[in-house]
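Trainee: Spelled out from the first residue to the last, the chains are:
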Amino acid sequence: MPEFHAVIRELPALLQAHLLISGCAVLIAIAIGLPLAIWAADNARIRGPLLAVIGLFQTIPGLALLALFYPMLLLLDSVTPLAIPALGFAPALLALSVYALLPIVRNGVAAIRGIDPALVEAANGLGMTRGQRLRLVELPLGAPVILAGIRTATVWTIGTATLATTIGQPSLGNLIFSGLQTEDWQRVLIGCAASACLAIIADGLLALLESGLARRSALRVRIGIGLIAAGLAVALTPMSGAAGGQRMVVIGAKNFSEQYILAAALQSRLEAAGFRTERRDDLGSAIAYRALAAGDIDAYVDYSGTLWTNVLGRRDIPPAPRMLAELTATLARRDHVKLLGALGFENAYAFAMRRSRAEALGIRSLDDLATAAPRLRFASDLEFLNRPEWKSVEDHYDLRFLEQRSYSPTFMYRAIAGGSADVLSAFSSDGRIASLDLVTLSDPRGALPSYQAVLLLSPRAARDRRLVAALSPLVGAVSIERMRRANLMVDRDVDKKTPQEAARWLLPKAVEPQKQIARKGQ
Amino acid sequence: MTVPDKIALSGVKKLRSGQLALNGVTLSIVAGSFVAIVGRSGSGKTTLLKTINGLVMPDEGWIRLDGMDIRGRPPTELRRRIGYVFQEVGLFPHMTVAENIWLVPGLLGTPNTQRDDRIAELLTLVALSPDLAARYPRALSGGQAQRVGFARALAARPAVMLMDEPFGALDPVTRDELGRAYRTLHDQLGLTSLLVTHDMAEALLLADRVILLDAGQVRADITPAEMMADTDNSAVRAMIEIPRKQAERLIALQRQA
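Quick mapping for you: the protein sequence lines, in order, are chains G and E.
Residue 266 in the working numbering sits at position 266 of the first sequence, with consecutive numbering throughout.
Residue 1243 in the working numbering sits at position 243 of the second sequence, with consecutive numbering throughout.
Check each hint, because a few of them may be wrong.
[Said to hold, decoys possible] Every beta carbon over 12 Å from chain G, so not counted as near; a handful from chain E, in silico: (1) Asn1053; (2) Arg1079; (3) Pro1093; (4) Gln1144; (5) Leu1162; (6) Leu1250.
[Said to hold, decoys possible] Derived Cβ-Cβ restraints for the label pairs, each shown as a range: (7) G:Leu236 with E:Gly1109: 38 to 46 Å; (8) E:Gln1114 with G:Ser217: 58 to 66 Å; (9) G:Ser217 with E:Ala1215: 25 to 33 Å; (10) G:Ser217 with E:Leu1020: 48 to 56 Å.
[What the hints assert, rightly or not] So the derived list for chain G, only partly shown, Cβ under 8 Å to chain E, looks like this: (11) Ala110; (12) Leu119; (13) Gly127; (14) Leu219; (15) Arg222.
For the record, the hints were derived by calculation from the structure and aren't laboratory data.
In this text, a Cβ means the ideal position worked out from N, Cα and C, and glycines have one as well.
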């Protein structure tokens, strides 16, 4: 069982990051939303369209909204002279602020339009200007309704902020996402509970402020504001060790165990060489490479086939060595990204079945599978069916399954173990292939490209000789058997290890032979 | 030269939702007069009143206050110099009686040193205890609230008072009491008062001059006594008929008793 204390040690920094991003997002939403609400309350013509547009943002799933801000900021960065970071805090902040707008604007409009017309007439009749009427009458009287909107926005934002993890902004979502991937329920529960507690506390404080305003109790208002300010101050206090002169090397990871393990391995290599490191976990496949090219992350492990089809947009499937050579040359030329080398194992897409089922049906290859497919149920991960690799397999083998369903990887394996799926899209380095006694099907027509794990460096990291030297020993040092075992350590249900522990197991022996080569090279 | 007009209107027209709410109103009101504006619902009484403090801007014609066109200065400045009282009172529920009363002096930047004395003076003027100053409007009766409404309107010592059905929501006893109390204040402070009312008896008993509006036009502009005597004007007769008949029946009842 991974140590409870390890999670608790991570918690304060994540709580603080979560509080900071949520607090800033709500403050921005108030700063934008209240003036919008005041404008809309006065102006019937724009009120409808404005609320409709803000409502529309709300219907975009949180995850999609967060992901959409990434390319938008990249574009902004390229067309303006400003250096806008496209990953991490900025896009998460923007997306969450947009999300928080609706309740603030809607309640703001309702609050101002809900003021007794007699009071508006009195305010005008006494000679108040528009601003005085707002300040002396509408805002104080509308405050409870406005604050109720802010409360709703705050609770939503604290909940949605867990998704910020997926675009590289640390939050309590780090615990939830990594816990879900590695089936470490303790992490998931602690992440959820912490986020819920934060939401409840924030809601309680705002409720105190709201009741203070409604009852015109200065004491309640003061206590409420004081505690909220204290919370934000805590969020802004730099954690010990977080600040410092030296630049952080940012290590990226996609959202599965192998990526966490390899990222931890990169981290420990760099830290051993005296670098200070930081992690950006659970990056979407499409985001990770662009983040690297843009310099938002410095190093991560990707797979040759993924880069080939997604980044280079190639449809042909060359042999592995040629693919690697072309990738190395093209990425360096086009994006100044350095492909340091292949780690030594492949994590290719493979079609896998339970051994007993495959033998009973006589299926050994994708050709055999194509014949039996109309009677079989296919479980894929969330992105496979949209990937060119799937198109290629469909084209080469004309696969038509009885049923196709997408799962998150963990649940995909549950589906095949539980018998609710017959075939799945497995990753060849997955430890569960051996542990669940699955067989992978051969690909006689060469429909699936090779997926060698390759270590990528951002343009800036590539220029740092010391960094390159620290990571070079990893090239060619990780065999498929060791990677599968390391993955299984993290993914299995009993005697679970953390990705850091698995990385420690993977590394010492793995880098041994390379160390000598590296020394010789120096 | 005669007394200069305090308020003058000339050819004032106002179109409201396709109809002429005011259709060429020309009036001159001398300082110190108490004018009642009467008429049926929709005759344009309230619109006429609101053109004087700029709450309604006329489409045609002009309005002068002390000989100066009211469009010559910001409407908010104009309104702070004119007292305004209306049926719904409009006391701000989140402010105390004192804060409500001190609103206009506050907007005008009057030093706070005069605040407490002036508030006590105003409350006494409208026959309320100065102890009410710290209360919130929700703790007041309807009559008390409207007295505070008058105190608020008078706080910045305006020369002109505009009143839109100020007694309309009060019970008959309070209405009579407050009406007479205001008339006394009018004389005592030398105000120029315009009172919109649909209660003919109130208009006849309080005002020096009654203006009868019908479809946005002035149909009669006479003293209460002339109004009682004028039987030729059908519009006047229609307005007078009801209170007169009621009075006659009451007198008849009294004789029987």
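Trainee: Under the constraints set out in the numbered hints, which ones does this structure not fulfil?
Mentor: Numbers 1, 2, 3, 5, 8, 9, 11, 14, 15, in rising order.
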